[in-house]
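Enquirer: Please build the complete structure, drawing on both the sequences and the hints.
Spelled out from the first residue to the last, the chains are:
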Amino acid sequence: MSKIIFNNVHKSFNNRLSVLRGVSLTVAEGESHIILGQSGCGKSVLLKCLLGIIKITSGDILVDGISVKDSSRSDEYMRKFSILFQGNALFDSMTILENVEFGIRQIRRNDKGRIREVAEEKLLAVGLERRVFNLYPAEMSGGMQKRAALARAIAIEPEVLLFDEPTSGLDPITGGKICHLLKKTVNSLGVTSLTITHDIRVAKFLSDRASVLHDGVLVWTGHTGDMERCGNEFVEHFHRASHAISRRRVLE
Amino acid sequence: MLRSMAVLGRYTLFSLHEIGKASIFAFNGIKNCFLPPFFFRETLRQMMVMGFYSLPIVGLTAIFAGMVLALQTYVGFTRFGAESAVASVVVISITRELGPVFAGLMVAGRVSSSIAAEIGSMRVSEQIDALRTLQVNPFGFLVAPRIISGVCTLPLLVLVADVIGVMGGFVVSVTLLDFSIGSYITQTVKNMAMIDVISGLVKAAFFGFCLSCFGCYHGFCSDLGARGVGDATTGAVVSSCIGILVLNYLLTALFFGI
Ligand SMILES: Nc1ncnc2c1ncn2[C@@H]1O[C@H](COP(=O)(O)OP(=O)(O)OP(=O)(O)O)[C@@H](O)[C@H]1O
Ligand SMILES: [Mg+2]
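Residue numbers (this note's numbering), protein chains in the order written: chain A, 1 to 252; chain B, 1001 to 1258.
Hints are supplied without guarantee of correctness; some may be wrong.
Unchecked claim - List of simulated lysine-lysine pairs, DSSO-like, C-alpha gap at most 27 Å: (1) A:Lys112 <-> B:Lys1021; (2) B:Lys1031 <-> B:Lys1021; (3) B:Lys1031 <-> A:Lys55; (4) A:Lys69 <-> A:Lys112; (5) B:Lys1190 <-> A:Lys69; (6) A:Lys55 <-> B:Lys1190.
Just so you know, the hints here were simulated from the structure itself, not pulled from any lab data.
Expert: Right, here's the structure in full:
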């Protein structure tokens, strides 16, 4: 069963800068899909189009058969998603516990009594200790903020989890830990996930299905293991380049 | 010649476009003040920031305004032998004009800039997108509480400014200008008209609306990046100050039926 369908999605800003030029992709229910691409190629824009935060210029996006353009069902549509933003996007006027509670309170209006309990449970699940619950986001390190943002994202029990560059700005060890955490979370919740990254190792670790975004279109979709011999010049170049960097790192 | 006409035309169109956008924004903001969900905690927090923390600066402005007013009127009025009118001039000018306008301008400088900066940087750091994904209307969560607290706290601030301003005039008059305490107070009370005070407070409510609206508007329309946020804060202060001065004229004309 397909969960998300991108159908020839176009997006241009102010009628001139064309960022997406016909993206088509189908993500199956329960699948973890990766989208790779260079910095500035429009990966974050693609996610925001999926969420309906940015309006697409033409084409369509369907999730469980509901179109992103169908404003009468936009609540039901939005309710399916939760996203871990590239910059975490924690509300800096609230402590992290309040951040998680805020998310739960907005989405699940029914069980008011249990909000705090659920929020604490989620924060513990992502590996944060109780003593940091009352810190403000600005008082925490990047890795801890990532964890808190992940807690807020999973607390609202989405059907689709979106990760925008989950490891950017983190050192390799912390990045690795976050990757493990994401994989564990997605597996235990059994949700569909779409991850954006420019790091091939992260991609290979998280899933075996990936697409590469280049020049506004998805130039390749397939198994992450097949990337180096897929026949597409850009994809092979992208793969070689990232491996060249990691080899150089090892040599140094 | 033609070129300058074109520039003028473009500028006019641009201004009209901006005014239209700001009006739609303000309308949306007002609408969301009356639509649930209501964010009481956020509203209280804003009242604290706007009202309580603005007290020192508003009080200071008011006391010096009152003091200077007493001195100036005294100097001017002795030329006509009318120095006994100092008390009434002080109380009338403070309650009608100086209290509301000074408080409005000071709070505009302090608060509308910080609103614009806060909302602008929330936009940059994707916090506003995060609100949308949590199905929270940014107008309901960010704009409505600020408008409500602007409209509610500015009149209170102006009331305080009125009292402190009149006190300032009183202190200067009885210490430096040899007025008797008793007659100054009687003069003040006799000339304090309810309509003056109330018109000042109504003005203040409009000023509060104006400055929080412009703050939010510039924050929401800021270009991304630190530079954009900087421009937004400047824009917010400039337009809310101009807005306050224009509103002040219009409301005064309306109140006193000219
Ligand atoms: N609101 C906007 N208005 C105009 N242009 C935009 C807007 N948002 C993004 N863009 C443009 O779209 C392009 C893609 O941006 P995007 O943020 O999606 O890149 P990205 O692939 O996520 O890059 P990175 O890996 O650095 O996060 C950029 O060139 C950017 O200038
Ligand atoms: Mg991005």
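Enquirer: So, for every hint listed, does it hold in this structure?
Expert: The hints, checked one at a time:
1. A:Lys112 <-> B:Lys1021: violated (38 Å)
2. B:Lys1031 <-> B:Lys1021: holds (15 Å)
3. B:Lys1031 <-> A:Lys55: holds (24 Å)
4. A:Lys69 <-> A:Lys112: violated (32 Å)
5. B:Lys1190 <-> A:Lys69: violated (66 Å)
6. A:Lys55 <-> B:Lys1190: Violated, at roughly 63 Å.
In the structure shown, a violation is registered for the earlier hints numbered 1, 4, 5 and 6, in ascending order.
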